[in-house]
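Q: If you want the building blocks of each chain, they are given just below.
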Amino acid sequence: MKIIVSVKQVPARDSSLRVDAQGKWLEEADLTYEMNEPDAYALEEALQLKEKLGGEVVVLCAGPQRAAQTIREALAKGADRAIHIEWEERAAPDALTTAQLLANAVKPESPDFILTGLQSDDLGYGQTGVVLAELLGFAHATIVMEVEPQGDAVRVKRELEDGWFQHVSLPLPVVLTIQSGIKKLRYATLMGIKKAKTKEVKTIPASQLGIDLNSGLVMERIYLPTRSKKTQIFSGEPKQAAHQLVEKLKFEARVI
Amino acid sequence: MSVLVVLEQRGGKWNRTSFEALAAGQKIGQALATPVTAAVLGSNIDSLATEAAAFDIQKVFAIDDAALEQYTPDGYAAALEQLIQASTPKVVVFPHTYQVRDYAPKLATRFRKSLVSDVVDLKTVSGGLSYVRQLFQGKLNADIPAEGDLQFVSIQAGAFRAAEPASATNPIEQFRVKLDPSAIRSKPEAPYREAQRSVDLGAAPVIVSVGRGIKEKENLPVVEALANALGAELAASRPICDNGWLPMERQVGSSGQTVSPKVYFAVGISGAIQHLVGMKGSKTVVAINKDENAPIFETADYGIVGDLFEVVPALVEEIQKTKA
Ligand SMILES: Cc1cc2nc3c(=O)[nH]c(=O)nc-3n(C[C@H](O)[C@H](O)[C@H](O)COP(=O)(O)OP(=O)(O)OC[C@H]3O[C@@H](n4cnc5c(N)ncnc54)[C@H](O)[C@@H]3O)c2cc1C
Ligand SMILES: Nc1ncnc2c1ncn2[C@@H]1O[C@H](COP(=O)(O)O)[C@@H](O)[C@H]1O
Chain A
7 MKIIVSVKQV PARDSSLRVD AQGKWLEEAD LTYEMNEPDA YALEEALQLK EKLGGEVVVL
67 CAGPQRAAQT IREALAKGAD RAIHIEWEER AAPDALTTAQ LLANAVKPES PDFILTGLQS
127 DDLGYGQTGV VLAELLGFAH ATIVMEVEPQ GDAVRVKREL EDGWFQHVSL PLPVVLTIQS
187 GIKKLRYATL MGIKKAKTKE VKTIPASQLG IDLNSGLVME RIYLPTRSKK TQIFSGEPKQ
247 AAHQLVEKLK FEARVI
Chain B
415 MSVLVVLEQR GGKWNRTSFE ALAAGQKIGQ ALATPVTAAV LGSNIDSLAT EAAAFDIQKV
475 FAIDDAALEQ YTPDGYAAAL EQLIQASTPK VVVFPHTYQV RDYAPKLATR FRKSLVSDVV
535 DLKTVSGGLS YVRQLFQGKL NADIPAEGDL QFVSIQAGAF RAAEPASATN PIEQFRVKLD
595 PSAIRSKPEA PYREAQRSVD LGAAPVIVSV GRGIKEKENL PVVEALANAL GAELAASRPI
655 CDNGWLPMER QVGSSGQTVS PKVYFAVGIS GAIQHLVGMK GSKTVVAINK DENAPIFETA
715 DYGIVGDLFE VVPALVEEIQ KTKA
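Residue numbers (our numbering), protein chains in the order written: chain A, 7 to 262; chain B, 415 to 738.
Looking at chain B on its own, in the form it has when it is part of the complex (with noise of 0.2 angstroms):
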């Protein structure tokens, strides 16, 4: 019985979340009292095994594959399938990555188990372990005991401390994997961006970003006038993009831009991990929201309660009288 984390590398780089997930990895088996272990799957990763094996855990199964070179689900799914059954872990931890979400469930399904995805917090309830995931975009949360033989998590970004290399040089097991390459059915290719952005978030001293609470595109100049007044850069959550209602390049979040500013007001924005991670390195975080429950209260620093097309108004005319 152990608890195996798998750790995620693209091109021979981490992710780093894959040692969030280790963390957590060995907080769950400190608290099913079983060892930790670490899988690696790729290609010609054993510089990658070697810095896995730094960390305190009871080893690395290396499984080095040319058929792993590149991701694909199938490979990804057949290979781990293979480790689950020749070492038995009773917990599966993963980051929980776009990656993961394309193969994990795919894997548990394998095992006739549903993934307990996106966990953000561990409880232990009268000696039980339970998992705590999200529901409704980070409004409500749920507990799922960890029960049954065998079980999959994967871990939300942000959510654990990474776990620091511990000078160690535990041992490295290299698995084999038999993968048939004619059964790996998606043929990717090689990975790209699109073309350099005209607007540069990631340098703006202050940001004021949109959330879907504007309800109407018409309604851009109420918080346009608020980034005017601040000299600051407009940007916005998904939704405001996919709509077309602002251009793509001012999305923030997990698949648009990361942002630092100094100060960053998140208005009529919820505030959903995917949009979380693109801008939590804020120094300052000003939220503004009608609903007083909203998640994006959890990351701001200041807040106030209320309907925007009141409030930014009102904002805009106390920051014209005190520059005045």
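Chain A extracted, bound-state conformation (with noise of 0.2 angstroms):
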């Protein structure tokens, strides 16, 4: 089986989002990077699929140059190979321009799995995994829960919402969007980093793909959300605005 994952790399959790002069996106020099929290498990879904079916694991990632180091440590925990989409990209492109990319990179793949995180964390669209299925021509399912092949079909367990859950089955090839949490999530271990570096990581310049990267939807401007609610904050040192708090919550919530 092949079986591709889709990893993007993201600001950290941690940064300090602050807006650009322009307004377009953020002052990178505050950022640092990571990845994709869902696509970590997105990966790890692919490895454990591998070692079920055999056959191999290709990263696919389209970013800067900086995303080397995301590939990287997707192929350190195991990954076979990698390809990386090089894209100086115009702040916050659309979900049909990058799903777009991925798509032409890789259709000469001929997958039989593509595993993407069900969102990314930074764009949050949600998207691109089902507009890539549709370029491609995949059947699809999102929010996947729990992954279980059967010969040239495939049944996953879905999340729907309140608590609710529900069973597709669906033939390959097949694009799945993977929820977070569904395994846990393996370290790399030093053998591995060792071998990343031997790997393969074929790069494709994203002007090569045949896409017209500057269209679609854009973002006028980015900013800090105001805020509506009139929210009491306590300050100070914790010892006293605990003591503030704790006099409301006595005295107005009555919980105390």
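What the hints contain is simulated information worked out from the structure, not anything from laboratory work.
Cβ coordinates follow ideal geometry from the N, Cα and C atoms, glycine included.
Don't take each hint at face value.
Said to hold, decoys possible - List of simulated lysine-lysine pairs, DSSO-like, C-alpha gap at most 30 angstroms:
1) K737/B <-> K236/A
2) K235/A <-> K694/B
3) K245/A <-> K427/B
4) K245/A <-> K704/B
5) K676/B <-> K256/A
6) K735/B <-> K236/A
7) K704/B <-> K190/A
8) K8/A <-> K56/A
9) K235/A <-> K30/A
10) K601/B <-> K245/A
11) K601/B <-> K113/A
12) K56/A <-> K601/B
13) K601/B <-> K163/A
14) K694/B <-> K163/A
15) K473/B <-> K427/B
16) K697/B <-> K256/A
17) K553/B <-> K30/A
18) K427/B <-> K441/B
19) K629/B <-> K190/A
Said to hold, decoys possible - Over 12 angstroms on every C-beta distance to chain A, these chain B residues come out as not near it, computed from the model:
20) N458
21) S461
22) A467
23) Q499
24) A580
25) N633
26) G670
27) I710
28) P727
What the hints assert, rightly or not - Far from chain A, some chain B residues (derived; all Cβ distances over 12 angstroms):
29) P449
30) Q551
31) Q588
32) E632
33) V691
Put the complex together from the two separate chains, hints included.
A: Printed below as a string of structure tokens:
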């Protein structure tokens, strides 16, 4: 089985998010980067599928040069090789543009499974996997919690709202968008990290994939949301703030 | 030209966020000076179509087909593709539900458009309409101009006040679609719920909920002490349960439990929408977070900006003092 897993590099969760002077994106100098969290789970599922079915796991990533580090991390955890679409992207491309790039890069691979994260932590479209499936003509399922391969088909458990679940069967090839938490994540071993250095990373410039990279939705401006609610903030030393809060809880909320 | 709002039902029951999307659709219709229509899909949906026709809209498209009895992305995308081709709306509006997440990007792709997902607000700047959506799980907003001859937009739950029926009887158009059942690739089984939960957070009067700010499982006693001091139930955001630090049944949010205690403490929780939908009904919300810009403060009544490892023990001490 050929299993592709899409992995995106995103600003680390604890980064301070400062909007740049043009109001188009963030001050990059402030940022450190990491693997998009749901993608780490997609990678884990991909590796376990390979352990069950044999074949190979190929990492697929579109991003600037710095994304090479995230790709290495995925290889160190056990992926076999990678495709890096080198893309000094304009700020915040839309899901269709990204999915078109991924689709064109992945077409020659004819995979059986494509696993993506269900959502990116930065842009949060929750769409790229579904769009990719449509572009490739693959069946898909979203918010997947369990993957049960069944020959040339797959049965998955999907999460629905309010604690409901549903099993769905689909023919291969298939795109699955993976929910966080589905398996316990592995760590890269020292051996894995060493081996990763020798694994193949094929780089393809985004400009060579035949896609208009400057069309699509535009974010005109990004900004900190203004707060509409008057939250009463207690400041000062923790002890003092705690005292003020407890007074409120006692005399207004009356829970103490 | 029109605004088409796709209403969602499952098994003959509305998803209530449909009417929030309808309200947003009505506002978009006003801004663009175009009429609003609505669509209902399914099998045997006459009574739902009649209910939809009572709202302040131009008409309802009822797409009634045996192949739509169960939701599938192939079936829904094909049916709506035909309706859009026939009725040529300018904007198609959806509630941002799990079902919409599953097929709307596919549908938009058929028209080579990107869905503007999870919209929280509308803005008119010098005559032009913009959609506002969130980035970084609510930490930032982005304005996206409503451009193009065909736009796809999904509306975040809770962002608009649901439309009320206007006791009208607007026309219902039965829209016939051609669906090939053999082209529907996914075979869904009946939805189910996991076995009964042993903790019912829904009934707890006070809840202390912990998020990733706690950093490690070994730190959980810090918040447990607060829960004990308050006689509260302990709950958590999703990553805490994903990591196995607390059992799944203590998760609050769209994929966990919905709670409405008298007081909800959000400790080291950022306030992503999927968490908020599970606890917004709380009477009083207290947030403790080191980031003054954390979205949770928009929902909180009381807040302390600070390090939970300093604030929570101080709080426990104060509570014990008060109780003594
Ligand atoms: C389809 C779907 C369903 C989901 N369902 C759910 C759900 O049911 N429930 C749910 O909770 N999430 C759900 N999520 C995930 C959700 O989007 C968020 O990722 C999650 O809620 C974030 O959890 P968090 O706030 O604990 O973590 P983070 O977003 O990482 O926030 C941690 C917070 O802790 C603060 N912090 C860090 N250190 C300290 C300190 N020392 N003192 C004080 N504060 C500190 C930080 O400032 C930050 O605000 C779902 C997501 C998707 C896509
Ligand atoms: N630039 C990218 N490179 C690789 N994968 C991506 C990229 N952008 C999005 N994805 C994948 O698509 C998923 C959903 O992203 P999004 O639609 O932006 O929420 C992510 O979890 C990734 O798996």
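Q: Run the structure past the numbered hints and jot down the numbers of the failing ones, going up.
A: 3, 10, 26, 27, 28, 30, 33
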